[in-house]
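Enquirer: The primary structure of each chain is shown beneath.
There are 6 protein chains.
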Amino acid sequence: MLYISRKEHFNAAHKLYNPQWTREKNIEVFGPCANEHWHGHNFDLIVTVKGFPDPETGFVVDLKRLSLLIRSEVIEKLDHKNLNIDVDFMRDKLASCENLIVEIWKILEVKLPSITAFGKLHGIRLYETPRNYVEYFGEQ
Amino acid sequence: MLYISRKEHFNAAHKLYNPQWTREKNIEVFGPCANEHWHGHNFDLIVTVKGFPDPETGFVVDLKRLSLLIRSEVIEKLDHKNLNIDVDFMRDKLASCENLIVEIWKILEVKLPSITAFGKLHGIRLYETPRNYVEYFGEQ
Amino acid sequence: MLYISRKEHFNAAHKLYNPQWTREKNIEVFGPCANEHWHGHNFDLIVTVKGFPDPETGFVVDLKRLSLLIRSEVIEKLDHKNLNIDVDFMRDKLASCENLIVEIWKILEVKLPSITAFGKLHGIRLYETPRNYVEYFGEQ
Amino acid sequence: MLYISRKEHFNAAHKLYNPQWTREKNIEVFGPCANEHWHGHNFDLIVTVKGFPDPETGFVVDLKRLSLLIRSEVIEKLDHKNLNIDVDFMRDKLASCENLIVEIWKILEVKLPSITAFGKLHGIRLYETPRNYVEYFGEQ
Amino acid sequence: MLYISRKEHFNAAHKLYNPQWTREKNIEVFGPCANEHWHGHNFDLIVTVKGFPDPETGFVVDLKRLSLLIRSEVIEKLDHKNLNIDVDFMRDKLASCENLIVEIWKILEVKLPSITAFGKLHGIRLYETPRNYVEYFGEQ
Amino acid sequence: MLYISRKEHFNAAHKLYNPQWTREKNIEVFGPCANEHWHGHNFDLIVTVKGFPDPETGFVVDLKRLSLLIRSEVIEKLDHKNLNIDVDFMRDKLASCENLIVEIWKILEVKLPSITAFGKLHGIRLYETPRNYVEYFGEQ
Numbered sequence: 850m851l852y853i854s855r856k857e858h859f860n861a862a863h864k865l866y867n868p869q870w871t872r873e874k875n876i877e878v879f880g881p882c883a884n885e886h887w888h889g890h891n892f893d894l895i896v897t898v899k900g901f902p903d904p905e906t907g908f909v910v911d912l913k914r915l916s917l918l919i920r921s922e923v924i925e926k927l928d929h930k931n932l933n934i935d936v937d938f939m940r941d942k943l944a945s946c947e948n949l950i951v952e953i954w955k956i957l958e959v960k961l962p963s964i965t966a967f968g969k970l971h972g973i974r975l976y977e978t979p980r981n982y983v984e985y986f987g988e989q
Numbered sequence: 850m851l852y853i854s855r856k857e858h859f860n861a862a863h864k865l866y867n868p869q870w871t872r873e874k875n876i877e878v879f880g881p882c883a884n885e886h887w888h889g890h891n892f893d894l895i896v897t898v899k900g901f902p903d904p905e906t907g908f909v910v911d912l913k914r915l916s917l918l919i920r921s922e923v924i925e926k927l928d929h930k931n932l933n934i935d936v937d938f939m940r941d942k943l944a945s946c947e948n949l950i951v952e953i954w955k956i957l958e959v960k961l962p963s964i965t966a967f968g969k970l971h972g973i974r975l976y977e978t979p980r981n982y983v984e985y986f987g988e989q
Numbered sequence: 850m851l852y853i854s855r856k857e858h859f860n861a862a863h864k865l866y867n868p869q870w871t872r873e874k875n876i877e878v879f880g881p882c883a884n885e886h887w888h889g890h891n892f893d894l895i896v897t898v899k900g901f902p903d904p905e906t907g908f909v910v911d912l913k914r915l916s917l918l919i920r921s922e923v924i925e926k927l928d929h930k931n932l933n934i935d936v937d938f939m940r941d942k943l944a945s946c947e948n949l950i951v952e953i954w955k956i957l958e959v960k961l962p963s964i965t966a967f968g969k970l971h972g973i974r975l976y977e978t979p980r981n982y983v984e985y986f987g988e989q
Numbered sequence: 850m851l852y853i854s855r856k857e858h859f860n861a862a863h864k865l866y867n868p869q870w871t872r873e874k875n876i877e878v879f880g881p882c883a884n885e886h887w888h889g890h891n892f893d894l895i896v897t898v899k900g901f902p903d904p905e906t907g908f909v910v911d912l913k914r915l916s917l918l919i920r921s922e923v924i925e926k927l928d929h930k931n932l933n934i935d936v937d938f939m940r941d942k943l944a945s946c947e948n949l950i951v952e953i954w955k956i957l958e959v960k961l962p963s964i965t966a967f968g969k970l971h972g973i974r975l976y977e978t979p980r981n982y983v984e985y986f987g988e989q
Numbered sequence: 850m851l852y853i854s855r856k857e858h859f860n861a862a863h864k865l866y867n868p869q870w871t872r873e874k875n876i877e878v879f880g881p882c883a884n885e886h887w888h889g890h891n892f893d894l895i896v897t898v899k900g901f902p903d904p905e906t907g908f909v910v911d912l913k914r915l916s917l918l919i920r921s922e923v924i925e926k927l928d929h930k931n932l933n934i935d936v937d938f939m940r941d942k943l944a945s946c947e948n949l950i951v952e953i954w955k956i957l958e959v960k961l962p963s964i965t966a967f968g969k970l971h972g973i974r975l976y977e978t979p980r981n982y983v984e985y986f987g988e989q
Numbered sequence: 850m851l852y853i854s855r856k857e858h859f860n861a862a863h864k865l866y867n868p869q870w871t872r873e874k875n876i877e878v879f880g881p882c883a884n885e886h887w888h889g890h891n892f893d894l895i896v897t898v899k900g901f902p903d904p905e906t907g908f909v910v911d912l913k914r915l916s917l918l919i920r921s922e923v924i925e926k927l928d929h930k931n932l933n934i935d936v937d938f939m940r941d942k943l944a945s946c947e948n949l950i951v952e953i954w955k956i957l958e959v960k961l962p963s964i965t966a967f968g969k970l971h972g973i974r975l976y977e978t979p980r981n982y983v984e985y986f987g988e989q
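Residue numbers (the numbering used here), protein chains in the order written: chain G, 850 to 989; chain C, 850 to 989; chain X, 850 to 989; chain L, 850 to 989; chain Y, 850 to 989; chain H, 850 to 989.
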């Protein structure tokens with residue numbers, strides 16, 4: 850049983866803002882992250898696939914195909930975008946890393962079988978900055 | 850279930866030295882780490898909190914508050930200090946990363962509920978150098 | 850003659866957009882960087898001061914004071930901000946790193962003498978991503 | 850229960866090539882990684898040992914001895930080598946990271962008890978590039 | 850006058866080997882780098898362009914176009930290649946970083962004017978490992 | 850004309866303390882860096898040699914020999930040491946990076962000709978932390 854990981858990145862704008870609250874409440878809770886005119890980050894995204902290697906290729910998953918899948922299904926929808934406005938799967942959700950990583954999981958869990966019969970999605974790590982990151986392993 | 854991590858750092862001096870041994874025995878076991886006049890490191894500390902997000906804020910834990918807690922309860926006691934002399938919770942303990950990380954765990958486990966009702970301390974990673982690190986998950 | 854450098858960081862949103870052009874022309878020239886809803890980055894800023902050390906303190910410049918100066922005069926105006934909207938010294942300028950670094954230079958060149966009699970501003974490096982950066986040395 | 854990790858590195862050439870396939874099939878499956886004249890990487894290897902500290906030394910494992918063990922038993926056999934040709938334990942195996950990490954595990958699992966009575970091999974992480982890595986925890 | 854830099858990378862095999870010497874002399878001079886079966890690296894390449902910004906776009910050089918130029922003219926010829934065998938502009942040259950960087954300079958100096966009227970090639974930095982790098986500024 | 854660089858590291862303790870001042874004055878000027886019981890860092894040291902390549906070997910300087918020289922002449926005297934007490938060439942000097950880098954320059958400038966006829970010492974960069982560094986180019 851091996852764990853294979855691929856790192857991709859995207860640059861996006863967002864703000865933490867709950868529309869059911871006043872602007873004052875948002876600033877009280879989210880501080881500068883609630884700045885109405887947005888701020889942004891260079892996000893790093895690490896996707897880990899778990900499984901036994903295909904005896905013919907030695908691959909749990911072909912990392913070139915995994916990279917292409919992450920780029921076409923996730924990065925293309927997030928890179929140089931505004932997470933609050935431009936991203937269909939973030940509509941009506943707080944644009945936090947916590948919500949974003951769960952949506953990325955849902956997308957990749959569905960798409961991964963198209964590129965590997967041997968691996969399953971194991972975990973995702975999303976860096977908002979080099980010092981802040983969130984991980985999700987599909988646990989409910 | 851999400852895992853949220855925050856990285857902080859501190860610069861400290863220490864030596865590995867067992868006072869019940871002769872100086873020769875210390876140098877035999879600990880090598881240059883036993884240098885009586887100390888050496889030091891830029892330590893990196895990663896604290897991981899695990900839990901379900903607060904439905905109102907989307908936070909398992911507010912990373913700004915987590916950062917402030919780690920700084921006030923841990924970093925302030927270690928930064929620009931001598932781990933063998935200046936740190937009350939390391940008194941009478943070998944100033945190793947193994948002992949230090951367990952003491953940091955004890956402090957944060959007690960203090961974390963003051964800033965989150967949704968997250969529990971999951972793990973700590975302490976880098977002594979970019980090539981040497983120790984992790985603790987509260988396991989006995 | 851020594852060169853002393855300090856790295857700080859800020860997170861900001863921006864877009865590359867020339868208001869004298871049509872939206873189509875902007876997208877043709879700036880590509881996804883022209884996304885009208887913004888994108889963003891974790892910027893890293895390295896400031897280098899050059900000079901002879903103060904014989905009493907050994908400092909060309911006190912790095913703690915340099916850090917505080919950069920934070921109060923530059924970072925506070927940029928961090929968690931929108932470079933196109935929120936930053937007074939970027940008003941009516943294309944929000945590019947090239948323009949931003951020249952404005953940061955102007956601010957620091959004026960303020961630096963308040964914290965050092967021995968050092969002069971030598972250079973600034975501004976990372977937009979880990980792979981793209983710009984440098985300015987005050988050359989006309 | 851603590852987890853202690855040490856990072857080492859080596860530089861090696863390899864190609865992904867299944868000798869039972871035609872050259873065309875190899876290029877179809879492995880792409881540029883099948884280049885017959887090889888390519889290469891700076892590999893990073895992180896070895897994690899798990900256990901309770903020795904009450905006398907505070908060590909689960911002495912990191913200096915762990916570093917020496919990894920270097921003598923693993924790095925010396927891989928560094929500045931061709932993984933397809935020069936490495937006895939990779940003979941007749943596809944020179945992939947997936948196969949390499951399992952062989953490194955087998956070597957270290959046998960040798961580790963010679964340097965620690967308190968720690969067991971917990972995991973290995975092998976970086977082929979800063980963006981691609983594989984992990985193995987001895988799971989069958 | 851601004852300096853704009855872009856980092857790209859490639860993975861390649863090589864050996865340091867002077868065909869006019871015996872194998873023994875090669876090993877004596879180049880050590881493990883002379884291993885006849887090659888070794889390899891993840892190379893990082895930073896290209897710096899110097900100039901005044903285009904008043905219309907604010908660009909000394911469009912970094913997207915610079916990245917594409919470096920990839921098409923340099924990276925494509927080096928990535929997943931053997932520097933001693935596969936690279937036409939390294940034929941009959943010792944496959945050292947010193948020789949490689951001068952050849953990369955020659956290529957980019959000729960091609961750069963096709964993408965910028967405002968910038969000139971200023972410098973190249975080539976990392977063979979995170980600890981070894983060479984720089985060239987076109988000085989004779 | 851090429852510039853070749855090699856990075857080494859060492860871990861050391863120090864304090865910033867002017868013995869001609871009172872303890873209060875030291876704390877006022879140097880803040881936590883004046884802690885009487887020391888603190889410490891993981892220092893990174895980058896040494897750059899400049900010159901034309903030896904036509905036979907392609908080397909300005911053999912990086913293996915440069916690494917060994919830096920280790921034997923500099924690192925061995927600093928690693929796991931106290932810069933204020935254990936280092937002969939820092940005696941009676943403020944243990945600052947500014948003073949340390951000038952002393953390292955003096956040592957390497959004298960020793961470098963023993964390993965290269967083609968290169969001269971060009972510059973040294975000394976990182977005290979990932980965010981603070983000093984450079985010296987031998988300028989008076």
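Quick caveat, the hints were computed from the structure, so don't treat them as lab data. Worth double-checking, as some hints may not be accurate.
Note: identical chains are not told apart, hence a pair may lie in one copy or across any two.
Below are the DSSO-like pairs computed for lysine-lysine, each with C-alpha atoms no more than 27 Å apart in a straight line [to be verified]:
#: 1; residue 1: K969; residue 2: K913
#: 2; residue 1: K899; residue 2: K969
#: 3; residue 1: K955; residue 2: K899
#: 4; residue 1: K955; residue 2: K874
#: 5; residue 1: K874; residue 2: K960
#: 6; residue 1: K960; residue 2: K926
#: 7; residue 1: K913; residue 2: K899
#: 8; residue 1: K856; residue 2: K926
#: 9; residue 1: K913; residue 2: K942
#: 10; residue 1: K960; residue 2: K942
#: 11; residue 1: K874; residue 2: K926
#: 12; residue 1: K856; residue 2: K899
#: 13; residue 1: K955; residue 2: K969
#: 14; residue 1: K913; residue 2: K926
#: 15; residue 1: K856; residue 2: K913
#: 16; residue 1: K960; residue 2: K856
Enquirer: Decide, hint by hint, whether the structure agrees.
Expert: Do the hints match the structure? See the list:
1. K969 with K913: within (16 Å within a copy, 34 Å between copies)
2. K899 with K969: both (5 Å within a copy, 23 Å between copies)
3. K955 with K899: For K955 and K899, both the intra-copy (16 Å) and inter-copy (20 Å) Cα distances are at most 27 Å.
4. K955 with K874: For K955 and K874, neither the intra-copy (31 Å) nor the inter-copy (34 Å) Cα distance is at most 27 Å.
5. K874 with K960: between (39 Å within a copy, 25 Å between copies)
6. K960 with K926: For K960 and K926, the Cα distance is within 27 Å only inside one copy (15 Å; across copies 33 Å).
7. K913 with K899: The answer is within: 16 Å in one copy meets 27 Å, while 32 Å across copies does not.
8. K856 with K926: both (16 Å within a copy, 24 Å between copies)
9. K913 with K942: Classified as between; 21 Å across copies, 31 Å inside a copy.
10. K960 with K942: Answer is within; shortest intra-copy Cα gap is 22 Å, inter-copy 30 Å.
11. K874 with K926: For K874 and K926, only the inter-copy Cα distance (22 Å) is at most 27 Å; the intra-copy one is 30 Å.
12. K856 with K899: both (15 Å within a copy, 23 Å between copies)
13. K955 with K969: Both. Shortest intra-copy (13 Å) and inter-copy (25 Å) distances satisfy the 27 Å Cα cut-off.
14. K913 with K926: both (19 Å within a copy, 19 Å between copies)
15. K856 with K913: Intra 11 Å, inter 21 Å, cutoff 27 Å: intra and inter.
16. K960 with K856: within (17 Å within a copy, 31 Å between copies)
When the structure is compared with the earlier hints, a violation turns up for hint 4 alone.
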